[in-house]
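Residues 1313 to 1451 (our numbering) are what the sequence shown spells out, left to right.
In case anyone wonders, no lab produced these hints; they're calculated from the structure. Treat the hints loosely; a few may be bogus.
Simulated crosslink set (EDC-like; lysine to aspartate or glutamate; CA at most 20 Å straight-line) [unchecked claim]:
#1 Lys1331 / Glu1427
#2 Lys1331 / Asp1397
#3 Lys1419 / Asp1407
#4 Lys1331 / Asp1398
#5 Lys1333 / Asp1429
#6 Lys1323 / Glu1421
#7 Lys1323 / Asp1382
#8 Lys1338 / Glu1365
#9 Lys1323 / Glu1362
#10 Lys1419 / Glu1430
#11 Lys1419 / Glu1446
#12 Lys1333 / Glu1350
#13 Lys1419 / Asp1356
#14 Lys1355 / Glu1421
#15 Lys1391 / Asp1324
#16 Lys1391 / Asp1341
#17 Lys1335 / Glu1427
#18 Lys1396 / Glu1427
#19 Lys1338 / Glu1444
#20 Lys1314 / Glu1365
#21 Lys1314 / Asp1356
#22 Lys1396 / Asp1341
#23 Lys1338 / Asp1324
#24 Lys1314 / Glu1362
#25 Lys1333 / Asp1397
#26 Lys1333 / Glu1427
#27 Lys1314 / Asp1369
#28 Lys1412 / Asp1382
#29 Lys1355 / Glu1414
#30 Lys1391 / Asp1356
Pairwise CB distance ranges (calculated) [to be verified]:
#31 Tyr1409 / Val1388: 29 to 37 Å
#32 Leu1411 / Leu1351: 14 to 22 Å
#33 Lys1314 / Tyr1409: 38 to 46 Å
#34 Lys1314 / Ala1432: 37 to 45 Å
#35 Pro1405 / Leu1371: 22 to 30 Å
#36 Asn1325 / Phe1438: 35 to 43 Å
#37 Ile1451 / Glu1427: 29 to 37 Å
Bear in mind the structure is a predicted one, so any value in this text is a computation, not a measurement. Note that the Cβ used here is the ideal one computed from N, Cα and C, for glycine as well.
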Amino acid sequence: MKNIRLIPSCKDNIWGGTKLKSKYGKTSDAPIIAETWELSFHKDGPTRTESGETLIDLLSPRDLGTNCNDFSFFPVLAKLIDAKDDLSVQVHPSDSYALKNENSYGKTEMWYIVEADEGAGIYLGFKNDVTEDEYSAAI
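Please put together the full structure from these sequences, using the hints given.
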């Protein structure tokens, strides 16, 4: 297979900033870019090639390898994020819930932080132990 230049799908969520444009050369008509979906087979933002084709249209199961045979679509989404403001609470559903309700796989993530402003941080979990009932009542 020949080399293909990928054009990411850009998302302009309200918490985004301008670093993906000014520092990393991403382009969009929107004033901010919160995320660029660099490698995406997701229906809400598939990666395209310079010719306008999506990776879904361009790649065959043979190109993706035999480990993908068990999936109805390629379950990978690689993105860059510029979170200028606080992000929303992130919910990570299981595959069974997400497939039933969103026609997508659940969220299994790995974050690699390339750059962070002083004072930036990530919260994971709860400050105090809570039961499932307490959590359900709170939401």
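* What hint numbers does the structure not satisfy? -> Hints 7, 10, 11, 19, 21, 31, 36 are the ones this structure does not satisfy, whereas the remaining hints hold.
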